[in-house]
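Undergrad: Sequence:
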Amino acid sequence: MIRRGVVLVLLSCVALATAPLSAGAAQGAPDIDALRSARGPFDPAIPKPESVLGFYPGADFRLADWPTILDYLRQLDAASDRIELRDIGVSAEGQPLVVALISDPANLRDAERYRSISERLARARDLSDADAQALAVEGKAIVWIDSGLHATEVAHGQHAPELAYMLAAGHSDELQRMLRDVIVVLMPNMNPDGLNIVVDWYNQNLGTPFETAGLPVLYQKYSGHDNNRDWYMITQPETQAVAKQLYEVWYPQIVYNHHQTAPFPARIFVPPFADPSNPNIPPLVLRGIARVGNAITTRLESEGKAGAVSRLGFTAWWNGGMRTAPYFHNMVGILTETALFRYATPNFYPPNSLPDSFRDGASTRDPSINYPMPWPGGWWRLRDAVEYMLTASFATIDVGSRYREDWLLNIYRMGRDAVRRGATGSPAAWVIGPEQHDAGSAVELVNVLRRGGVEVNVADAPFEADGSAYPAGSFVVPAAQAFASYAADLLEPQNYPDRRLYPDGPPDPPYDIAGWTLPFQMGVDVDRIVAPFEASMERIDVPVTVPGRLEGQGSTYVLDPRSNASARAVNELLAAGHEVYRSSAPVDAGGVRLGPGALIVPDGPGVAARLAQLAEDNGLVIRSIARRPRGEGWLLRAPRVGLYEPWVASMDAGWTRFVLEGHGFGYDVLRDPQVRKGKLNDAYDVILLPSAGAEALIDGQRPGNMPAAYTGGLGDAGITALRRFVEAGGTLVTFDAAGALAIDRLGVPVSNPISALEREEFYCPGSLLRINVDNTHPVAFGMPSEATAVFVRSSGYEVVAKDGVGESSRTDVGDGESPVRVIASYAEGDLLESGWILGEEHLRGLGAAVEVPMGSGRIIMLGFRTHFRAQPHETFKLLFNSIFYGAAEAVSLP
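According to this note's numbering, the residues represented by the sequence shown are -15 to 878, in order.
Hints were generated in silico from the structure; no laboratory data involved. Since we're looking at a predicted model, the values are computed, not measured. Glycine included, every Cβ here is placed at the ideal spot set by N, Cα and C. A hint or two may mislead.
EDC-like cross-link-like pairs, simulated, lysine to aspartate or glutamate; straight-line CA separation at most 16 Å [unchecked claim]:
1) Lys663 <-> Glu711
2) Lys289 <-> Asp259
3) Lys228 <-> Asp210
4) Lys32 <-> Glu77
5) Lys228 <-> Asp61
Label-pair distances were calculated between CB atoms; the ranges are [to be verified]:
6) Ser539 <-> Val653: 22 to 28 Å
7) Pro803 <-> Pro570: 25 to 31 Å
8) Ala874 <-> Arg612: 47 to 53 Å
9) Pro334 <-> Glu745: 37 to 43 Å
10) Glu770 <-> Gly489: 31 to 37 Å
11) Asp509 <-> Ala874: 17 to 23 Å
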């Protein structure tokens, strides 16, 4: 029977089937028993996946959700002595997170012993080379394999139960040998929430014209696709659970992260990766990547699986991905990208429809070093992708077995060498002193490092290092530790090489971003200590907190505007009905001078007790003073916030929700119909527009691409409603690319001149740039005068002439003549702090954040993402203050 939904999907594809779908489907449908028997024999007493799923993994038009897969894995655990399921946490939406240990039963009975060996070798503490050699002989290779991280890439999530079955039930001689040598730590799904969302969406649309429509929502509560960009900040519950397994429990020598976006028409990307390589990655990691990659491609091609390509697109520079962060922990991180169509719907690619070359110009038809067995085209099914993944997983376990002692010894050697380098200095350590602009951000940096397995000490007495004195309470990150490369990569600047597609041509884009140095992003002073030194220190074994307290004897209370945690405390005070003011001038708070924006709380019933609790809960020093500050300021009100989310799923909106919730801000999610109907001032003081181009915000999903409920965007009615909202006194905040909507459709007297430049003239795909900040402006209260912006193809603003005619003039920015007020601007001098930028002279001096009056309200245009992936704690305040400012009333302080 021909399925109507599939016919419509095929007609919409670039490559149209030349044979009827029903005939093609019949010819190409896999013989599952034959596929399994090629890897068999299997124990008939062990349940097959279809006994619980209702179909074999990878079946056409069928996807198993997480509860069903987990049910199967638990039954497999009960039936086989080769698998042990362990709970490791819960997802953002409360789904169980599990790992399955799969190995020879004798290994599982002694799993703690082998886990301990893996940890001792990885940490390389108090071991001689002879000790390490003996442990390598005794130990088992730990091979991590995960699935399901990017939920719309459905094949790896479906491959997990099949792989578990084959490992638990198989009886080939090869498999027996592999399981004797290796403990497989299988994470069957790293994003169960996303799997459930995708399965529900696909089933809802199955057999309709929207069978293969993309998701209109994020497939992780906050981060969506960015759940694979969270592996050094480690903010999400899924990331935290996995990081603990990697860096505190199992210390795998090989980490295999399955994905599903191969460079078309290749069927799978397999390492080695392309240049550039991050200099903090140990050479043995790069060699190990090549060894595993070669094992995968060799096995694929020996089984006749064509279409494996290497050294194309994916590089080994960026930290922060599931396969990249392990590099800096001396672990061999592997990513493969298997081809996909959409979900479980098959697709046919006529051979003559395939492109002649890849994006780098290499042929897709003729064999080459990086693509020796081209894929000729034809049917591609979900089970085909599952089969490629199974082959790659088995190859990885096999190479883990064959070189078991090498993997164990090499992770020790890399750790040993890191310890020795740190002991001799250059650097010897990094020190985070207790005196910081925002003590909470400094403590969070310590916790970020610890979540990534970095050893951090706290000094219990004063000490000297590199000629500087440090007090007790200073945090010390020793370089004499196995994971020193990871610490260095996060704490020191990146210098991305100037790479072009051809000499003097356009830039060759980096994979993801080029620079990410955390002290810059978080506004934390970290000193690099070159020479070895002595200090009395204690290892930190628990999350660090800032000790909070209420101090002083007065009846007026003052909170420090420099602390992000103050925003959380203020939101709780406002919710409880207490009055909170902000001063426009500096405040003397018991001998401590606080800058403009100090938060003032008058005394009243229950205020002192509540503030004492808030100080303790949030790590704040709240000072009570006898003399109440006078002058001009603002009365804060509990802000009514609307966060617009288009049906084009927005990761920026997701991260905004995460940061707002973490700091106590309430908000409503606004969809297109709510905005279009207007009267927004009745419900909101502030509306936030996430970073997206004007066209995406205005048009949204086009009719015919989605079910009607998810099509359209703001449209003309929404633009009119936003204009009226601002003119009637509302505050509209645009993040990064959304500023184009204010320029193009709301008529602000601001332009973004860098948007018109070619890549050869200006290019900054993801770097950290220095900005100058006017911290007397209410949006910048609590900010330092110099800060760091995360610039990811972001915006730079200048004011257009008042009559809108003629050339715009950069001298208008901040000259006092224009009603536009510049809150922050890109530095005039050295701009780049970490990463890569071409043509920085075009950006110097442009506005990074501006306030544009309109009617009785204002538009605040934040030209970069102030809360990018929940990383830049230093610029969170620009977001928080924009919200408080939008709901505040200018008053004389009482």
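Undergrad: Does the beta carbon distance between Pro803 and Pro570 stay inside 25 to 31 Å, or does it fall outside?
TA: At roughly 26 Å between Cβ atoms, Pro570 and Pro803 fall inside 25 to 31 Å, so the hint holds.
Undergrad: Taking the CB of Glu770 and the CB of Gly489, does the distance hold inside 31 to 37 Å?
TA: Holds: the Cβ-Cβ distance is about 34 Å, inside 31 to 37 Å.
Undergrad: Checking one constraint from the list: CA of Lys663 to CA of Glu711, max 16 Å. Satisfied?
TA: Roughly 12 Å separates the two Cα atoms, so the pair holds.
Undergrad: Are Lys32 and Glu77 close enough, with their CA atoms no more than 16 Å apart?
TA: Status violated; Cα separation ~29 Å.
Undergrad: Is it true that the CA of Lys289 sits at most 16 Å from the CA of Asp259?
TA: With a Cα-Cα distance of about 26 Å, the restraint between Lys289 and Asp259 is violated, given a limit of 16 Å.
Undergrad: Range first: 37 to 43 Å. Now tell me if the beta carbons of Pro334 and Glu745 are that far apart.
TA: 41 Å, holds
Undergrad: Could you check the hint for me, namely that Ser539 and Val653 are 22 to 28 Å apart, CB to CB?
TA: At 40 Å between Cβs, range violated.
Undergrad: Between Asp509 and Ala874, does the C-beta distance stay in 17 to 23 Å?
TA: 34 Å, violated
Undergrad: Checking one constraint from the list: CA of Lys228 to CA of Asp61, max 16 Å. Satisfied?
TA: 23 Å, violated
Undergrad: Do the beta carbons of Ala874 and Arg612 sit within 47 to 53 Å of each other?
TA: 18 Å, violated
Undergrad: Mind checking the alpha carbons of Lys228 and Asp210 for me, to see if they're no more than 16 Å apart?
TA: Not OK: Lys228 and Asp210 at ~19 Å, beyond 16 Å, violated.
Comparing the model with each earlier hint shows violations of hints 2, 3, 4, 5, 6, 8, 11; every other hint is respected.
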